[in-house]
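Order-wise, the sequence lines are chains A and B. At position 73 of the first sequence the residue is numbered 73 (our numbering), and the sequence of numbers has no breaks. At position 191 of the second sequence the residue is numbered 191 (our numbering), and the sequence of numbers has no breaks.
Calculated directly from the structure, the hints in this document are not laboratory data. Each hint should be verified, as a subset may be incorrect.
Unchecked claim - Not the full set, but computed from the structure, chain A residues with beta-carbon under 8 Å of chain B: (1) W47; (2) K48; (3) F148.
Stated by the list, open to error - Residues from chain A that face chain B, not an exhaustive set, calculated with beta carbons under 8 Å: (4) S93; (5) E97; (6) R118; (7) C149; (8) G153; (9) Q156; (10) S166.
As the list claims (entries may be wrong) - Label-pair distances were calculated between CB atoms; the ranges are: (11) S66(A) - E125(B): 33 to 41 Å; (12) R43(A) - G194(B): 39 to 47 Å; (13) D128(B) - E105(A): 31 to 39 Å; (14) K71(B) - W104(A): 37 to 45 Å; (15) S65(A) - P170(B): 22 to 30 Å; (16) T31(B) - E113(A): 45 to 53 Å; (17) P159(B) - G124(A): 33 to 41 Å; (18) C51(A) - V36(B): 24 to 32 Å.
No experiment lies behind these values; they were computed from the predicted model shown. The C-beta atom is built at its ideal place from N, Cα and C for all residues, glycine as well.
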Amino acid sequence: MPRRGLERLDLLLLAIEALDLHGSEAMLWSCEQLGLSAAFPDRVALWKSRCRNPLRRASRRGELSSQEQQGLVQLVCSLSQRLYPMLRQLLSSSEPEQLNSQRWELFSSRYRELIQERMNEKRGAIRLLIDSSEGESLRRQVVQTLLFCAGPGGLQRLEASLMDGSR
Amino acid sequence: MTNFSLSGISSFSSAQLKLHFEESSCRLDLTGLPDVSASPSDASDGAPGQRLSILTGWELNLGQRAALQGKLEHLQALVAAVQPYVRHLVSNHPCPQGDPSSPVSLEPRGKGHRLQLRSSQANTEPLDLQLDDAELADLTQCLDQMLQDQRLGISLPLPAPQPLRRREQPRRKGAATGWAAPAAALGALLITAGLASVIPLPERKRPAAQPPAPTTSQR
Numbered sequence: 001m002p003r004r005g006l007e008r009l010d011l012l013l014l015a016i017e018a019l020d021l022h023g024s025e026a027m028l029w030s031c032e033q034l035g036l037s038a039a040f041p042d043r044v045a046l047w048k049s050r051c052r053n054p055l056r057r058a059s060r061r062g063e064l065s066s067q068e069q070q071g072l073v074q075l076v077c078s079l080s081q082r083l084y085p086m087l088r089q090l091l092s093s094s095e096p097e098q099l100n101s102q103r104w105e106l107f108s109s110r111y112r113e114l115i116q117e118r119m120n121e122k123r124g125a126i127r128l129l130i131d132s133s134e135g136e137s138l139r140r141q142v143v144q145t146l147l148f149c150a151g152p153g154g155l156q157r158l159e160a161s162l163m164d165g166s167r
Numbered sequence: 001m002t003n004f005s006l007s008g009i010s011s012f013s014s015a016q017l018k019l020h021f022e023e024s025s026c027r028l029d030l031t032g033l034p035d036v037s038a039s040p041s042d043a044s045d046g047a048p049g050q051r052l053s054i055l056t057g058w059e060l061n062l063g064q065r066a067a068l069q070g071k072l073e074h075l076q077a078l079v080a081a082v083q084p085y086v087r088h089l090v091s092n093h094p095c096p097q098g099d100p101s102s103p104v105s106l107e108p109r110g111k112g113h114r115l116q117l118r119s120s121q122a123n124t125e126p127l128d129l130q131l132d133d134a135e136l137a138d139l140t141q142c143l144d145q146m147l148q149d150q151r152l153g154i155s156l157p158l159p160a161p162q163p164l165r166r167r168e169q170p171r172r173k174g175a176a177t178g179w180a181a182p183a184a185a186l187g188a189l190l191i192t193a194g195l196a197s198v199i200p201l202p203e204r205k206r207p208a209a210q211p212p213a214p215t216t217s218q219r
């Protein structure tokens, strides 16, 4: 997987944590449900895999194994499907505008907090993502990606998207 | 959520099959007949008589906004437009699908997506619909469910999603500014070196000739 794909995959998982307060627990539960216990037997193993993201504050060298890659992609798609109603609300134009802006504010503040806590803020990509104005469209793209990778065909779409630039 | 129902038609010897795929703002209904000539081995799920192999019609309801009906070629065109478009959206690189001559085209418009459906009947204006992300996602989910449903025996040829080529990839924001600091440093170095080469060097003054110092012999 290209470096950019690895970065996106971890940022998608971080967005899931920002959307769901129990996101990290849901990840572990989903790993069991999806039969990914061999790749991620516990939360430390999952954390170690996610730390391959070069944008992390404490990044680990090396590449993900194909089993880990496949597992993380499955995890994102499964959790996106679980959060589909919430993602849909965020991107729907028929929702009350004031209510939706409150939802976005809540998501953005939590996403920024998680990024500041775990990512290297010296990196340009991270600085842009946590920027209150510039990062808005980027955060919307993250939520949009999660929305469209939910569902039966989402896995193939996300897999292909994370390999962008590799051919 | 999908349902499958069987309803008998008195004029046909075989039963009419209906498939429903439903999401919040979208409902897709397929109506058809089983291929009774197919061998039992062709049906991977259930009896061959319960597999919709001949499509007689389909209907797409997009909430209260539109109800569309069509034939197999229209459904193929819809799938061929929506699936690659959404694939590009996942890469944050929306790319228009379908040309003005095709029955279905989809392109980005404003914050949403413009879905155009052209009727095969003459003198009929194309139907122009503006979908937001949520509505497009619902439509995609319905189509995904349909494509993966084992009870559907119709082939809808669709290439597997492929990664974008390097030149197709959207440029990352801030990629240009990432080079700004080293470029500015190099520029400053070159300007300083250029100015330094213009400034004349001070002439070196030769020390005035002095009488040779008397040599003393040491013993």
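Broken hints, numbered, in rising order?
-> 1, 2, 5, 6, 11, 12 and 18
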